Amino acid sequence: MSVFSALLARDLKLALRQSADSMTVVAFFAIATVLFPFGIGPEANVLARIAGGVLWVTALLAALLSLDRLFTVDYEDGTLDQLVLSGAPLPMVVLAKVTAHWLTTGVPLIIMSPVLALTLHLPAQGYAPMMLALLLGTPTVSLVGAVGAALVLGTRRGGVLLSLLVLPLYIPVLIFGTASVEAVITGVETNGPLLILAGFAVLALTLCPWATAAALRQAVE
Amino acid sequence: MVRRMDGDFTPRSFSGSGLACRRGGRLVFTGLAFGVAPGGALVLRGPNGSGKTTLLRLMAGLTPSTAGALAWDNVPIDDPEAHAAHLRFITHLDAIKPAFTVTENLGFWMSLWRGRVDDANLARAVAAFDLTRLAAFPARLLSAGQRHRLALARLLVAPAPLWLLDEPGNALDAPSRESLARAIAAHRAQGGMVIVASHEATFVDGGETLDLGVFTPKTAVHWSEESEEAQI
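These protein sequence lines map, in sequence, to chains A and B.
For reference, each letter of the first sequence is one residue, going 2 to 222 in my numbering.
For reference, each letter of the second sequence is one residue, going 12 to 243 in my numbering.
To be clear, the hints were calculated from the coordinates, so they are not data collected in a lab.
Do not rely on the hints blindly, as some may be mistaken.
Residues on chain B that point at chain A, a partial pick, calculated with CB under 8 Å [as the list claims (entries may be wrong)]: (1) Ala95; (2) Asp105; (3) Ile107; (4) Thr112; (5) Phe119; (6) Ala200; (7) Gly202.
Computed from a predicted model, the values in this text were never measured in an experiment.
All residues carry an ideal CB built from backbone N, CA and C; glycine is no exception.
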């Protein structure tokens with residue numbers, strides 16, 4: 002466990018020192034979302050109808066922006082070699098990195114989302130399921146994204162390749178994330194989509210750290 | 012996973028036999044054997060591209076060998092994580108975070124390897140490579156030589172029996188080379204082992220030499236990961 006806590010503490014401290022990186026992601030989320038009312042027009046009922054989907058799509062794109070850097074910096078400066086040689090199981094190292102990523106990008110997105118939902122006229126009863134859906138969905142986004150980020154290490158234009166690899170895998174999260182917001186607006190039970198999102202998170206937690214570790218081993222070979 | 016929290020380690024020998032490595036379709040070396048006894052040192056020599064870096068990465072367990080096996084006390088390694096816990100590897104890349112101070116950089120490695128930060132030991136590692144004056148400076152302000160000294164100080168924050176050093180003399184001035192020679196001598200006096208890839212290994216007294224040129228298949232063109240990494 003010492004490896005997990007040491008690495009998590011380091012990544013959080015680094016993120017705090019270079020807080021501009023996390024801020025960029027949140028700023029992108031805000032700007033991309035605010036573009037929609039301008040593009041579609043100020044009609045409250047139209048915006049309310051698409052609010053859930055818009056928030057999820059922009060949140061996914063914002064998270065994608067930050068995934069690019071998840072392992073690249075450590076790979077380029079030689080830290081990754083040392084982390085592979087840390088003596089701890091590599092999936093544990095991955096889990097520490099992913100936890101730090103979620104805390105520095107996923108959590109700020111969740112906190113920011115109600116403010117942006119306001120600009121999209123999301124009905125009052127939609128706020129709770131939207132934040133809950135983001136809370137359950139963003140860990141999956143970080144975990145699945147880590148696999149992609151590890152696979153594209155060492156390639157040129159890794160960022161573009163990463164989005165091609167990872168975005169299709171986000172479709173299930175997007176569908177059920179949006180569904181949980183829409184369900185409450187249309188007056189249907191919301192538990193179903195939320196439970197499925199929780200299921201995705203558990204599945205990603207059990208599979209992704211191992212897949213990421215295998216990809217990282219390939220990268221340092 | 013065995014990781015001792017105190018200052019010493021059980022002396023064991025480290026060896027390899029029948030090692031071969033293929034990189035990018037080319038056989039870099041084949042039929043390579045080596046052995047280091049506790050307190051011993053091995054200097055890897057050979058022309059550029061003869062596979063010194065590849066061999067060190069193979070010894071660390073990062074690069075898989077095409078044939079042959081590594082062993083501790085003649086017992087082949089089956090758990091790469093336990094093996095990794097027994098070594099420190101200094102590569103061409105310094106693994107330094109520019110946003111952290113010298114002390115914070117070393118403190119991270121210490122907490123990673125030992126589970127806690129021990130200020131006295133940390134100060135000793137900083138002093139061993141004459142970084143005390145710079146301890147509170149962010150690493151981004153360091154010169155190339157100072158960065159390399161900071162990377163070398165990592166060797167001293169947590170004990171491990173085997174040191175793998177890839178061209179450790181690069182970018183070091185004469186006093187720093189002496190610091191490195193002293194650190195290596197002290198490590199060997201405790202039963203530690205050192206394997207150095209270097210063209211001028213002045214910091215190792217009485218070590219054995221392994222000339223990698225001997226193990227290069229004669230038909231091959233000289234090209235390897237080493238030359239590829241140098242371009243980055």
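Here is how each hint holds up against the structure:
1. At a threshold of 8 Å, the smallest CB-CB gap from B/Ala95 to chain A is about 4 Å, leaving the interface hint in force.
2. A distance limit of 8 Å between C-beta atoms decides the matter here; for B/Asp105 the minimum to chain A is near 6 Å, and the interface restraint holds.
3. Because the closest C-beta pair between B/Ile107 and chain A is about 7 Å apart, less than 8 Å, the hint holds.
4. Evaluation of the B/Thr112 hint against chain A yields a violated restraint, the C-beta minimum of about 10 Å exceeding 8 Å.
5. Given hint, B/Phe119 at the interface with chain A, holds; its Cβ is 5 Å from that chain's nearest Cβ, closer than 8 Å.
6. Because the beta carbon of B/Ala200 sits about 24 Å from the nearest beta carbon in chain A, more than 8 Å, this interface hint is broken.
7. Given hint, B/Gly202 at the interface with chain A, is violated; its Cβ is 19 Å from that chain's nearest Cβ, farther than 8 Å.
Checked against the numbered hints above, the structure violates hints 4, 6 and 7; every other hint is satisfied.
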